[in-house]
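Produce the complete structure using the sequences and hints provided.
Sequences listed follow chains W and Y, in order.
Residue 599, in this note's numbering, is where the first sequence stops; the numbers in between run on with no holes.
Residue 892, in this note's numbering, is where the second sequence stops; the numbers in between run on with no holes.
If you're looking for bench data, these hints aren't it; they were derived computationally from the structure.
Just to be clear, a hint being listed does not mean it is correct.
[What the hints assert, rightly or not] Restraint-style ranges between C-beta atoms, simulated for each label pair:
1. Y:Gln819 with W:Asp400: 33 to 43 Å
2. Y:Ser717 with W:Leu299: 32 to 42 Å
3. W:Leu299 with Y:Ile871: 58 to 68 Å
4. Y:Leu779 with W:Glu279: 53 to 63 Å
Where a beta carbon is used, it is the ideal one built from N, C-alpha and C, also for glycine.
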Amino acid sequence: MSAVRSHPSRILVALASLALLAYPLLSDDLYYQNMIILSLVFAIGAVGLNVISGYGGYISLGQGAFLGLGAYTLAILSTRAESVSVWVWVPLAGVVAGLFAALLGVIAMRTRGPSFVIMTIAFLFLLQIVATNWVNLTNGTAGLTLPLPEWSVEYQNWPFYYGLAGLLALSLLVSWRIRRTKFGMGLVAMREDEDKAGTVGVNTPVYKLLGFVASAVFVGMAGAIYGYYLAFVDPLGMFNILLSVQILLSMLLGGRGTLFGPVLGAFIIEPLNEFTNNELGGGNARLLVFGGLMALVVLFLPRGIIPTLRDRIAERRARGRAGLVGARLELRERDVPPRPEPTGRTLLEVKGLEKRFGGLRAVDGASFSVPEGSITALIGPNGSGKTTVFNLIGGTMAADAGEVWFDGERIDGKRSWEHAHAGLGRTFQITRLFREMTVLENVVAPLRAFRWGQLNADGVSGSEAERGEELLDFVGMKRFRDQQAGALSYGQQKLVELAQVLMLDPRLIMLDEPAGGINPTLIERMGDMIRELNAAGKTFLIVEHNMPFVLALCDPVLVLARGKTIASGHPQEVQRDPKVLDAYLGDDFIYEEPVEVEA
Amino acid sequence: MTEFLQTLILGLLVGGVYALLASGLTLIFGVMRVINIAHGAFLILAAFITWSLWTATDIDPLLLIVATTPAMFAFGWVLYVTTVRHVRGAHISASVLLTFALALVVEGLMGIIWGNTSHSLRPSYGNQSFALGELFIPKAQVYGFLVAAGVLLVLWVILARTWLGRAIRASSVNPQGAALVGVNVSAVAAMTFAVGVAAAGAGGAIIGTLYPFLPGSHYQWIARVLSIIVLGGLGSLPGAALGALLLGVAEAFAADWEPKWATAVPYVVIFIVLLLRPQGLLGARLREDVAAT
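Following this line, the structure appears as structure tokens:
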């Protein structure tokens with residue numbers, strides 16, 4: 001009884017699976033068997049799509065193409081090799097779909113949101129044209145008729161039915177596993193904030209590529225069975241965009257990013273499809289129903305059925321209980337250790353860095369170095385190029401000229417995750433946590449290196465969770481470990497972001513305005529934490545406007561103005577430097593000539 | 600040589616029309632970061648509206664843009680206010696899904712109103728050509744090009760010379776900045792969407808006179824205009840014009856070489872551009888700290 005109360009959804013899933021498996025044995029109604037078989041096909045399609053779109057955040061309008069590829073693979077091979085059992089081609093169809101996805105993924109690696117969507121549409125239509133025009137292979141618009149099933153009529157469509165049910169179970173298992181691995185966490189990180197994911201060491205292009213392949217393989221296999229079941233494939237039927245629409249709508253309606261949402265959606269959408277075909281005459285009515293439903297889902301149920309229900313239930317349970325979000329931070333007094341002796345080595349060296357935006361020279365030959373073991377500040381008036389310098393060093397932006405050396409190695413031109421792997425961590429001026437993840441997941445998301453084996457490792461392993469909790473304890477956020485990051489206040493997010501960067505165990509930590517927008521107590525605490533980490537051997541480069549904070553904490557201080565480093569040295573020297581006073585206060589710098597920017 | 604010249608000229612004439620078709624799409628993307636998948640459906644809708652007006656009045660379909668363009672402007676404005684408004688500024692997937700849904704609905708409605716058969720607009724000069732030495736240039740192509748160029752010129756004047764145009768460009772470059780200096784970005788977005796759909800209105804009348812169309816044709820047209828803006832650079836108006844001319848010429852030569860594969864040209868262009876130069880020919884990479892906020 002307690003199991004039912006604590007896991008009602010599991011009981012539901014178990015009952016639904018049982019009913020699904022028993023149905024053909026209990027009823028010989030072929031109309032409903034057909035409906036379930038097609039629902040299974042779309043469910044597999046939607047579970048696959050969920051990997052790249054639900055977890056990874058990349059919407060594909062061409063998911064149906066993988067069904068078509070699978071169906072065509074089976075049709076072409078089975079009509080040419082009649083002596084071989086047709087089922088042999090089903091796994092091969094999965095391989096073919098996977099290969100095409102990989103090919104497409106190579107192009108997708110360099111594209112972002114809008115271009116990716118356009119590419120998936122182009123993929124679908126191009127395949128349709130090829131299937132139409134390559135008559136020798138596909139028999140063109142006339143299509144291919146497949147061999148009839150070889151089993152006894154008694155068994156009706158059972159092999160299709162159970163074959164697809166097994167495939168759905170397998171793809172659900174894979175989807176479940178992916179969500180729990182480093183791979184799945186990387187995909188979610190990419191969905192939440194792709195640039196940020198790069199800065200914490202996630203090699204996003206590889207994740208995107210693999211996510212796309214993972215979303216295609218089982219769909220190709222399902223497509224093969226689908227084609228065999230229909231006994232006929234042609235370009236218009238197999239590469240019809242409405243197949244993609246049904247798959248997409250299944251995922252959206254049920255709930256993207258959830259395990260069972262796509263299945264639930266498919267078992268709603270396919271019966272609806274039958275209804276519109278039989279009762280409303282199909283054709284235009286089908287377009288109106290699916291188009292209208294999709295618009296309604298996007299506007300009024302954007303997260304889908306399961307997440308919306310889950311929120312409602314959580315809301316009812318939480319009623320009357322105080323949330324954690326407003327709870328006090330666990331700020332403890334700590335003994336601030338003495339400043340470490342400088343090692344005399346240079347950890348980071350920047351030479352003649354330049355970056356232009358149109359006609360604006362944001363960074364104009366900045367050169368400086370960060371001694372190992374120091375807390376170095378980078379200050380300067382607004383618009384002097386500090387954040388751009390950060391972006392250039394961190395690898396989220398490419399420099400037009402200049403060099404960046406980190407620990408004797410040249411790192412400019414490398415990608416942001418390679419910077420993270422090299423031991424360079426950064427935070428952002430406006431915090432950028434992965435909002436849909438929990439605080440602990442955020443902290444363990446960073447990756448110190450890229451290895452293929454790591455993709456299949458547990459997303460939050462025991463030792464990582466332990467380390468993550470230690471770090472959360474250090475920043476005073478341990479009690480918040482299971483909260484959604486998006487629900488935290490700005491100051492709390494800053495602390496979590498610091499813990500997140502520490503997970504990389506970086507040698508250089510770059511903080512963009514650590515004291516900006518947080519209360520005075522927290523600013524003081526932030527300073528203490530930085531000193532403590534520094535004593536433990538971390539080097540810091542800090543951009544900050546809070547001068548008392550900088551002058552008390554940092555040495556040396558670098559001053560940037562108009563994209564150039566104009567002064568550097570001990571805080572006291574820099575404070576008295578006339579060039580610095582001029583940069584901050586001189587009217588020459590207040591009334592700059594407006595720069596023409598091309599629209 | 601004559602054949603080459605003939606193909607080139609036809610390609611450029613068609614490309615000029617494509618430029619108009621793509622202008623609305625790239626304008627809408629530039630201002631609100633919305634890929635309007637329904638743009639193709641709007642083109643075909645405009646062609647059908649023109650067809651109804653043409654059969655009722657017998658006025659030259661190219662002249663009817665005087666009526667279809669304002670009608671589509673109003674349609675675009677209403678659509679924006681009722682639906683698209685809700686996804687402006689949302690994740691790109693929301694706007695793609697919504698406009699895709701709109702495309703399906705418009706396709707279904709066109710099928711119900713006009714039927715799923717092929718229609719075409721046939722002006723009196725439909726079968727005539729200008730003879731230039733050995734070259735034969737169909738009159739419809741020339742007139743279509745001229746009308747498209749005229750509408751594009753008007754669009755350019757609006758963008759470059761009017762307050763609305765400056766507001767549109769400002770909102771496109773930096774919405775926050777535009778709002779700070781007193782531009783009502785939300786109203787400008789509504790206006791931009793309506794102007795983009797109106798451009799599709801003019802374009803639809805022209806393609807209706809050049810090609811037969813049915814409700815399902817919109818997929819082919821959205822693919823074509825998407826490939827143009829990918830080639831030119833998403834959001835860049837000059838890029839769209841350049842991409843349109845290039846695609847027109849590429850399609851003309853492909854059709855000359857092997858007609859059945861000509862339809863594949865837009866898709867192949869998309870893949871090549873995304874592989875070699877994802878930002879397109881004239882697309883600029885914006886600075887991330889501004890673009891991201």
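Status of the hints after comparison with the structure:
{"no.": "1", "hint": "Y:Gln819 with W:Asp400: 33 to 43 Å", "in the structure": "holds, 41 Å"}
{"no.": "2", "hint": "Y:Ser717 with W:Leu299: 32 to 42 Å", "in the structure": "holds, 34 Å"}
{"no.": "3", "hint": "W:Leu299 with Y:Ile871: 58 to 68 Å", "in the structure": "violated, 36 Å"}
{"no.": "4", "hint": "Y:Leu779 with W:Glu279: 53 to 63 Å", "in the structure": "holds, 54 Å"}
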